Amino acid sequence: MEPEKTSLPENAYRPLKEGEKYEPVVPVAKPLREVTPYSLIWGLFYAALFSMAAAYLGLKIGQVFEAAIPIAILAVGTSVFLRRKNAMSENVIIQSIGAASGVVVAGAIFTIPAIYILNLDAKFYQIFLASLFGGFLGILFLIPFRKYFVQEMHGQFPFPEATATTEVLVAGEAGGDQAKVLLKAMAIGGLYDFIIGTFHWWSEVFESRAIPFLTGIADKWKLVFRLNVGAAVTGLGYIVGLKYSAIIAAGSFVSWFLLVPLVHYFGVGLTATLGSTATSLIKDMSAEQIFFTYVRHIGIGGIAMAGIIGILKSSRIIGGAMKLAWAEITGKHSGAEKGLNRMEKDLPMGIIVGAIALTALLILLFFQFGVVHNWLQAIVGLIIVLVISFLFTTVAARAIAIVGTNPVSGMTLMTLILSSFILVKVGMTGTSGMISALIIGGVVCTALSMAGGFVTDLKIGYWLGTTPVNQEKYKFLGTLVAAGSVGFVIMILNETYGFVGPEALVAPQANAMAAVIKPLMSNMPAPWLLYAVGAIFALVLQMIGIPPLAFALGMYIPLELNTPLLVGGLIAHLVSTASKDESINSKRREKGTLIASGFIAGGAIMGVVSAFLKYLGFDKVSFIVPFITLEWAESHSGQLLALALFALLCLYFYRDSKKAA
Numbered sequence: 001m002e003p004e005k006t007s008l009p010e011n012a013y014r015p016l017k018e019g020e021k022y023e024p025v026v027p028v029a030k031p032l033r034e035v036t037p038y039s040l041i042w043g044l045f046y047a048a049l050f051s052m053a054a055a056y057l058g059l060k061i062g063q064v065f066e067a068a069i070p071i072a073i074l075a076v077g078t079s080v081f082l083r084r085k086n087a088m089s090e091n092v093i094i095q096s097i098g099a100a101s102g103v104v105v106a107g108a109i110f111t112i113p114a115i116y117i118l119n120l121d122a123k124f125y126q127i128f129l130a131s132l133f134g135g136f137l138g139i140l141f142l143i144p145f146r147k148y149f150v151q152e153m154h155g156q157f158p159f160p161e162a163t164a165t166t167e168v169l170v171a172g173e174a175g176g177d178q179a180k181v182l183l184k185a186m187a188i189g190g191l192y193d194f195i196i197g198t199f200h201w202w203s204e205v206f207e208s209r210a211i212p213f214l215t216g217i218a219d220k221w222k223l224v225f226r227l228n229v230g231a232a233v234t235g236l237g238y239i240v241g242l243k244y245s246a247i248i249a250a251g252s253f254v255s256w257f258l259l260v261p262l263v264h265y266f267g268v269g270l271t272a273t274l275g276s277t278a279t280s281l282i283k284d285m286s287a288e289q290i291f292f293t294y295v296r297h298i299g300i301g302g303i304a305m306a307g308i309i310g311i312l313k314s315s316r317i318i319g320g321a322m323k324l325a326w327a328e329i330t331g332k333h334s335g336a337e338k339g340l341n342r343m344e345k346d347l348p349m350g351i352i353v354g355a356i357a358l359t360a361l362l363i364l365l366f367f368q369f370g371v372v373h374n375w376l377q378a379i380v381g382l383i384i385v386l387v388i389s390f391l392f393t394t395v396a397a398r399a400i401a402i403v404g405t406n407p408v409s410g411m412t413l414m415t416l417i418l419s420s421f422i423l424v425k426v427g428m429t430g431t432s433g434m435i436s437a438l439i440i441g442g443v444v445c446t447a448l449s450m451a452g453g454f455v456t457d458l459k460i461g462y463w464l465g466t467t468p469v470n471q472e473k474y475k476f477l478g479t480l481v482a483a484g485s486v487g488f489v490i491m492i493l494n495e496t497y498g499f500v501g502p503e504a505l506v507a508p509q510a511n512a513m514a515a516v517i518k519p520l521m522s523n524m525p526a527p528w529l530l531y532a533v534g535a536i537f538a539l540v541l542q543m544i545g546i547p548p549l550a551f552a553l554g555m556y557i558p559l560e561l562n563t564p565l566l567v568g569g570l571i572a573h574l575v576s577t578a579s580k581d582e583s584i585n586s587k588r589r590e591k592g593t594l595i596a597s598g599f600i601a602g603g604a605i606m607g608v609v610s611a612f613l614k615y616l617g618f619d620k621v622s623f624i625v626p627f628i629t630l631e632w633a634e635s636h637s638g639q640l641l642a643l644a645l646f647a648l649l650c651l652y653f654y655r656d657s658k659k660a661a
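Quick note on numbering: the sequence shown equals residues 1 to 661 in our numbering.
The reader is advised that the hints may include incorrect statements.
What the hints assert, rightly or not - In silico DSS-like pairs for lysine-lysine, Cα to Cα no more than 27 Å straight-line:
#1 Lys313 / Lys17
#2 Lys658 / Lys180
#3 Lys345 / Lys473
#4 Lys243 / Lys580
#5 Lys283 / Lys220
#6 Lys147 / Lys243
#7 Lys659 / Lys587
#8 Lys283 / Lys30
#9 Lys243 / Lys659
#10 Lys587 / Lys180
#11 Lys518 / Lys184
#12 Lys658 / Lys184
#13 Lys580 / Lys85
#14 Lys425 / Lys518
#15 Lys21 / Lys313
#16 Lys30 / Lys658
#17 Lys587 / Lys243
Said to hold, decoys possible - Just the calculated beta-carbon pair ranges, DEER-fashion:
#18 Ile383 / Thr215: 45 to 53 Å
#19 Gly498 / Ile546: 43 to 51 Å
#20 Ile546 / Gly269: 29 to 37 Å
#21 Ala647 / Trp221: 41 to 49 Å
Since the hints were derived computationally from the structure, they do not count as laboratory data. Nothing here was measured: the structure is a model prediction, and the numbers come from that model. For each residue, glycine too, the CB sits at the ideal point set by N, CA and C.
Given the sequences, and given the hints that come with them, work out the whole structure.
Next up, the structure:
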């Protein structure tokens with residue numbers, strides 16, 4: 001059976017008009033083959049392969065990459081090479097199963113290595129089960145919200161990563177002009193980002209310090225402008241759009257251009273460190289150090305409060321899901337779901353509730369017999385996991401839907417702080433407390449990472465017409481394989497390289513978690529006031545009608561990653577409003593989306609290649625070394641060249657998008 005169309009409908013990315021209905025690429029009544037031995041074998045293969053690769057690279061060089069787009073590209077390439085016809089829905093299943101790798105890896109490597117960094121010990125089963133149960137919770141907690149995020153809010157969220165992956169899958173099936181535009185953009189964006197990441201012919205980040213008269217302002221007043229010149233991040237900004245990218249950038253500007261200078265102004269005269277997170281005097285800190293030591297915590301508080309606001313705003317959805325679950329469990333279900341088509345069917349709510357209960361029981365037993373060995377503390381740990389995972393599921397999903405970046409490290413940091421505070425109150429301190437808090441943090445981190453990643457998979461399936469219940473069932477299988485692979489790799493890496501010492505693996509996120517958890521378990525204070533300020537900030541934003549999560553994300557994510565989002569959003573606005581003819585604007589906007597998706601896909605796949613080459617010692621080969629100009633790239637001249645080339649890239653982006661007319 002062939003799909004009736006091989007391009008996304010015109011209303012794929014915009015809100016639906018009253019009475020309008022979205023028809024996916026694959027017709028609801030005429031599904032293509034989805035779950036087959038072919039799609040299962042390749043999906044599980046990529047889940048194992050990318051779990052090991054992502055864990056290794058994330059710990060070795062501190063670079064965590066998202067696996068969804070590279071897997072989609074490989075799935076399309078394989079089906080083309082094997083001349084497998086009408087493989088679009090199979091490729092969605094491959095991507096969905098395989099993408100469990102990246103999200104499970106993020107959950108594990110952000111927390112578990114901190115156990116070794118603190119000179120403690122973690123067993124394989126602890127790593128495996130923390131990742132497995134966290135992944136399962138993320139899937140189960142997200143499914144009841146699928147219709148809300150994916151269907152009811154159609155066109156309200158940009159879903160940048162899902163858009164890029166979908167465009168790759170559609171172009172692979174369609175071929176022709178769509179594939180040419182995508183491949184051209186992938187080549188340009190991929191080569192551009194590869195040169196930056198591998199050869200360093202120009203800087204990856206432009207700083208205002210590169211301009212002489214702005215250097216003094218940066219040093220004296222701590223006012224610094226930073227811009228990541230990568231093609232992939234700019235492509236994300238285009239898909240995010242001007243509205244959300246402007247809100248995110250505004251949050252960043254408040255952090256960097258208001259709060260950082262204020263902290264410096266009021267703290268420059270202090271002769272002692274301020275707060276438990278500081279290791280040096282404010283007068284000796286750069287703008288970047290002030291941000292990471294003080295201001296970023298305000299963003300974490302904002303994200304936490306935005307999550308609570310999101311839960312309250314979604315209370316109708318949550319209440320409806322609970323009501324449906326109760327009706328199914330008690331046998332009072334009206335049977336209304338029997339008439340639903342395949343695109344509206346999820347796993348039955350009774351099964352979801354039962355699976356959550358079973359997972360909760362297994363987590364309790366895991367905590368009691370494998371972590372804390374105390375029933376009270378095991379129960380407290382279980383409550384922390386369930387409550388925080390549930391509360392922040394919608395935060396993770398919204399974050400991915402808005403900006404394509406899951407603030408999982410910030411939410412995990414908040415989890416560690418809260419769990420440490422509570423565990424200390426029930427008598428769990430010292431080394432056992434540290435291990436317990438980090439295992440609990442690992443479960444929550446994986447759950448939130450999975451929730452954000454899975455909503456991307458489900459949105460891709462919705463656009464293309466893949467049956468959601470198939471994606472939901474087989475995501476568990478991908479999570480099982482990914483959890484086993486990650487546990488194996490972390491144990492091997494600890495034995496081979498370790499996480500402490502001059503030759504140790506970088507593991508930057510885990511080091512940050514270790515730095516936070518040690519004082520907390522020693523009864524040292526956390527920066528509660530900064531979290532409270534962020535929470536109040538989010539409440540005020542909600543009162544004046546500004547989405548608090550997008551703004552708080554901007555406050556938390558470093559400035560250089562938010563400024564290119566704004567540039568991409570501006571390009572999207574200019575491209576889609578340049579003509580008085582709306583049909584021309586629509587064509588230009590669609591072509592721009594293809595180019596942006598190519599930038600994201602090219603940057604993602606070449607980022608993986610660059611990281612592997614770095615691991616293999618490519619940058620140490622004698623005849624390659626002269627072509628690597630890291631010192632030049634970090635110089636002011638290298639940054640100015642980066643700004644000039646970025647301007648040319650944006651000009652190409654804008655002009656090529658406008659040629660669609």
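Evaluation of the provided hints:
Restraint check: the Cα-Cα separation between Lys313 and Lys17 comes to about 23 Å, which is no more than 27 Å; the hinted pair holds. Restraint check for Lys658 and Lys180: the C-alpha separation of about 16 Å stays at or below 27 Å, so the hint holds. Distance hint between Lys345 and Lys473 is fulfilled; the C-alpha atoms sit about 12 Å from each other, no more than 27 Å. Proximity of Lys243 to Lys580 is assessed by CA-CA distance (about 21 Å); at most 27 Å being required, the pair is judged to hold.
As the CA atoms of Lys283 and Lys220 are separated by approximately 10 Å, the hinted pair is consistent with the 27 Å bound. Using a Cα cut-off of 27 Å, the hinted pair Lys147 and Lys243 holds, with the two alpha carbons roughly 24 Å apart. In summary, the hint linking Lys659 to Lys587 is supported, as the alpha carbons are separated by about 9 Å, within the 27 Å threshold. With a CA separation close to 67 Å, the supplied pair Lys283 and Lys30 exceeds the 27 Å bound.
With a C-alpha separation of about 24 Å, the suggested pair Lys243 and Lys659 falls inside the 27 Å cut-off, and the hint holds. Restraint check for Lys587 and Lys180: the C-alpha separation of about 16 Å stays at or below 27 Å, so the hint holds. Proposed proximity of Lys518 and Lys184 is contradicted: the alpha carbons are some 49 Å apart, above 27 Å. For the given pair, Lys658 sits about 16 Å from Lys184 by alpha-carbon distance, which is consistent with the 27 Å threshold.
Taking the CA atoms of Lys580 and Lys85, the gap is about 41 Å. The hint is violated against a cut of 27 Å. This hinted pair checks out: Lys425 and Lys518 have alpha carbons roughly 16 Å apart, not beyond 27 Å. With a CA separation close to 25 Å, the supplied pair Lys21 and Lys313 stays within the 27 Å bound. For the hint pairing Lys30 with Lys658, the CA-to-CA distance comes to about 36 Å; that exceeds 27 Å, so the pair is violated.
Restraint check for Lys587 and Lys243: the C-alpha separation of about 20 Å stays at or below 27 Å, so the hint holds. Look at Ile383 against Thr215: about 52 Å separates their beta carbons, and that is inside 45 to 53 Å. At roughly 46 Å, the beta carbons of Gly498 and Ile546 sit within the given window of 43 to 51 Å. With their beta carbons about 34 Å apart, Ile546 and Gly269 fall inside the hinted range of 29 to 37 Å.
For Ala647 and Trp221, the Cβ-Cβ distance of about 27 Å falls outside the hinted range of 41 to 49 Å, so the restraint is violated.
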